[in-house]
Amino acid sequence: MAFIKIHQKNVKNVEEAIKVCPFNAIKSKNDKIEITSACKMCDICIKKMPDIYEFIEGKKVKINKDNWKGIAVYVDHVEGDIHPVTYELIGKAERMAKKINQPVYCLFVGSNIKHKAEDILHYGVDEVFVIDKEELYDFRIEPYTAAFENFITKVKPTIVLVGGTTVGRSLAPRVAARFRTGLTADCTILDVKDNTDLDQIRPAFGGNIMAHIHTPNHRPQFATVRYKIFDAPEKNKNKTGKITECKIDSNKLKSNIKVLEVKKKEKVKSIEEADVIVVAGNGIKKEKDLEMINQLANKLGGMVATTRPLIEAGWTDARQQIGLSGRTVKPKLIITCGVSGSIQFVAGMNNSENIFAINNDPKAQIFDVANYGIVGDLYEIIPELIKKL
Amino acid sequence: MNITVCIKQVPGTSEVEIDEKTGNLIREGIDTKMNPYDLYAIETAMKIKENNSAKINVISMGPPQAVEVIQEAYMMGADNGYLLTDKKFAGADVLATSYALSQGINKMDNYNLIICGKMTTDGDTAQVGPEIAEFLNIPHVANVKKIIDINSNSITVEMDMPKTVEIQEVKLPCLITVEKEIHQPRLPSFKLKLATAKRKVNNITFKDLDDSNPENFGLDGSPTQVLDVFPPTSDRVNERWKGTGKELGERISKKLKKLKFVKDN
Ligand SMILES: Cc1cc2nc3c(=O)[nH]c(=O)nc-3n(C[C@H](O)[C@H](O)[C@H](O)COP(=O)(O)OP(=O)(O)OC[C@H]3O[C@@H](n4cnc5c(N)ncnc54)[C@H](O)[C@@H]3O)c2cc1C
Ligand SMILES: Nc1ncnc2c1ncn2[C@@H]1O[C@H](COP(=O)(O)O)[C@@H](O)[C@H]1O
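Going down the list, the protein sequences come from chains A and B.
If you count by our numbering, then the first sequence holds residues 3 to 391, one letter each, in order.
If you count by our numbering, then the second sequence holds residues 5 to 269, one letter each, in order.
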């Protein structure tokens, strides 16, 4: 079994040896240092104090990575209407597949979708696997998982990418668990190594750090990625690749779930579709002051979004939240007002084309991502700006 | 009806930062709290209990001090608490966490319904619920925003999708993960605090579980591994403007005009 070995006699300063752990998982007991169950195996103690903490590798049967080939993208759709995150993932998959010289596959699961699969062939994938069955009309977890399982067993892709949509976030963990393999949620950077290991980077530990994660000894490697993180490829005039229909037995698609009704929500324009966004952050002192932000957004023909604290205060709607637990946006222009720029917020907007940030704290992190960092009091700047527009 | 609710203790503040110069992690305060999304899960169970008579069992996996969130759940009305704790569980990723929880759940009272929060504020994956359901081989519905009906055979829920709301009737036993809008969580009650002060929390350790292979737990049972952590970087054009409110307001408007976001008139 893998574990961290502690070389007690190299411990000169107990307090310092304990403090190295950011998770308070190292404790001293009877003059001995111990690692508790709070350990996250983040490796920090091993890196910082290698003479005290040593990583002991467990004996593990190594899998044969050559048995797994290709990068697969799950086609996220509602009744054949393909979610654009799918194309973004196809683009990413193609760039990675080129590096390891492997094919790109798509998995398209649903009912009466065969004809829609043709669309995907305009994006340069090698093969679209279609599982088209009546039982797969509505999204129900067991039949969809079974269809996904069927595909993986047959095709054996080394990497599987799933959009971080409502369906993807429910389906991907279920399938990953079925194959007893790893799944990294909401990756913001992906790359592939020559040995087909997937480098996955995501904000982690609920703090302002990025974690570099890999899945060294399991296949397939699962990752979910949110909408608007990667760029979609151009649509080609010509079709390439082929469509392969997969057969699956109906009794594999049984479910304990009955869909009684699907209600359409009234369509509200979401911040994801806006070209211009003005963001209100915690620097806004009173709910009434949001009026000023609305005014600015109106002048620019844009929408208002916010950070989480304002939603928690009940001033704004959860649908307006940008960030890791909100929406990811990629507008042409975004102006943040009184936003500190926490990693969770920035993860949802740092691909915007032009970022203006107004903040009175010259050390605010938002200035790291801003193209135009404006140091000053938003209450003085915004009224002036509105006047000039 | 027996309801099992999965709750987790998370850091009270999310301020983990990296010192750019030394590369050290800075973590202020070690206070902890119940994962805020799990309060909604407990509240959902309480609402079912009020209308149907049910027993609420909570489970948390974590270090010994995670017993605090179980006591908090008692103060909200939970009946029975289990703490899944063992050094062998340390370093668990989503898969190993979900697997250990599913093993722990099997050691508790039988369940008709399992309720999880939508996600945690530290792990922030929203994956543990669906993976538990897979390991227990029961159906799950994520993003539940309303319970329409529950009886001894099935539960009918509204599942929130981006453009639609799906009403699903699911046979019990099943697992649901609940959205924030489902119910406003109650505050812990002082009366219940006194009444439950002595109520015990059951410990479940590795040796209590059916699976006795340590390779399936903790770091060894985790397919994903953290290679390293680093502060986020960026390579953007990065200008810094200073001046009075008037100067800055003017400068922004000029720039916006130049970038053609407003017509120059
Ligand atoms: C797992 C997890 C997920 C999260 N997900 C999200 C998410 O999706 N979205 C999100 O937004 N947050 C998220 N958060 C919260 C996030 O960590 C921050 O707490 C939040 O983004 C901070 O919002 P803020 O910048 O508006 O507020 P603050 O951090 O309070 O910053 C306010 C800023 O305004 C400036 N300011 C104050 N007064 C003025 C003034 N008069 N003029 C100019 N500037 C002024 C201050 O200098 C400060 O920098 C998440 C946290 C966790 C742990
Ligand atoms: N260690 C844990 N103990 C108990 N429940 C947990 C634990 N981790 C996650 N959960 C449950 O799974 C949900 C989703 O967590 P996560 O996948 O970490 O975002 C949480 O809201 C909890 O209900």
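Bear in mind the hints are in silico, worked out from the structure with no lab data behind them.
Among the hints, a few may not be true.
[As the list claims (entries may be wrong)] Straight line, CA to CA, 30 angstroms or less: simulated DSBU-like cross-link-like pairs of lysine-lysine:
1. B:K150 with A:K266
2. B:K258 with A:K265
3. B:K261 with A:K230
4. A:K241 with A:K266
5. A:K254 with B:K175
6. B:K211 with A:K34
7. A:K271 with B:K149
8. A:K390 with B:K150
9. A:K287 with A:K389
10. B:K246 with A:K390
11. A:K195 with A:K269
12. B:K261 with A:K287
13. A:K269 with B:K184
14. A:K288 with B:K246
[What the hints assert, rightly or not] A partial selection of chain B residues facing chain A, derived with a Cβ cut-off under 8 angstroms:
15. G16
16. A94
17. N242
18. V266
The beta carbon of each residue, even a glycine, is placed where N, CA and C say it ideally should be.
Here is how each hint holds up against the structure:
A threshold of 30 angstroms between alpha carbons decides the hint, and for K150 of chain B with K266 of chain A the separation of about 16 angstroms falls inside it, so the pair holds. Distance hint between K258 of chain B and K265 of chain A is unfulfilled; the C-alpha atoms sit about 46 angstroms from each other, more than 30 angstroms. At most 30 angstroms may separate the alpha-carbon atoms for a hinted pair to count; K261 of chain B and K230 of chain A meet this at roughly 26 angstroms. Using a Cα cut-off of 30 angstroms, the hinted pair K241 of chain A and K266 of chain A is violated, with the two alpha carbons roughly 33 angstroms apart.
Our distance criterion of 30 angstroms between C-alpha atoms is met by K254 of chain A and K175 of chain B, whose separation comes to about 18 angstroms. Between K211 of chain B and K34 of chain A the alpha-carbon distance is near 25 angstroms, which keeps this suggested pair within the 30 angstroms criterion. For the hint pairing K271 of chain A with K149 of chain B, the CA-to-CA distance comes to about 21 angstroms; that is within 30 angstroms, so the pair holds. With a CA separation close to 47 angstroms, the supplied pair K390 of chain A and K150 of chain B exceeds the 30 angstroms bound.
For the hint pairing K287 of chain A with K389 of chain A, the CA-to-CA distance comes to about 21 angstroms; that is within 30 angstroms, so the pair holds. Note on K246 of chain B and K390 of chain A: the hinted pairing holds, with a Cα-Cα distance of about 18 angstroms set against a maximum of 30 angstroms. For a cut-off of 30 angstroms, the pair hint linking K195 of chain A to K269 of chain A is broken: about 42 angstroms separates their Cα positions. Pair hint K261 of chain B plus K287 of chain A holds up; C-alpha atoms about 29 angstroms apart against a cutoff of 30 angstroms.
Of the supplied pair hints, the one linking K269 of chain A and K184 of chain B holds, its CA atoms being roughly 21 angstroms apart against a limit of 30 angstroms. Only pairs whose Cα atoms come within 30 angstroms are accepted, and K288 of chain A paired with K246 of chain B is accepted, the gap being roughly 25 angstroms. Look at G16 of chain B: its Cβ only gets to about 11 angstroms from chain A, farther than 8 angstroms, so that hint breaks. For A94 of chain B, the shortest C-beta to C-beta distance to chain A is roughly 4 angstroms, which falls under 8 angstroms, so the interface hint holds.
Proximity of N242 of chain B to chain A holds as hinted, the smallest CB-CB distance being about 7 angstroms (cut-off 8 angstroms). About 6 angstroms separates the beta-carbon of V266 of chain B from the nearest beta-carbon of chain A, less than 8 angstroms, and the hint is met.
The structure fails hints 2, 4, 8, 11 and 15 (numbered hints given earlier, in ascending order).
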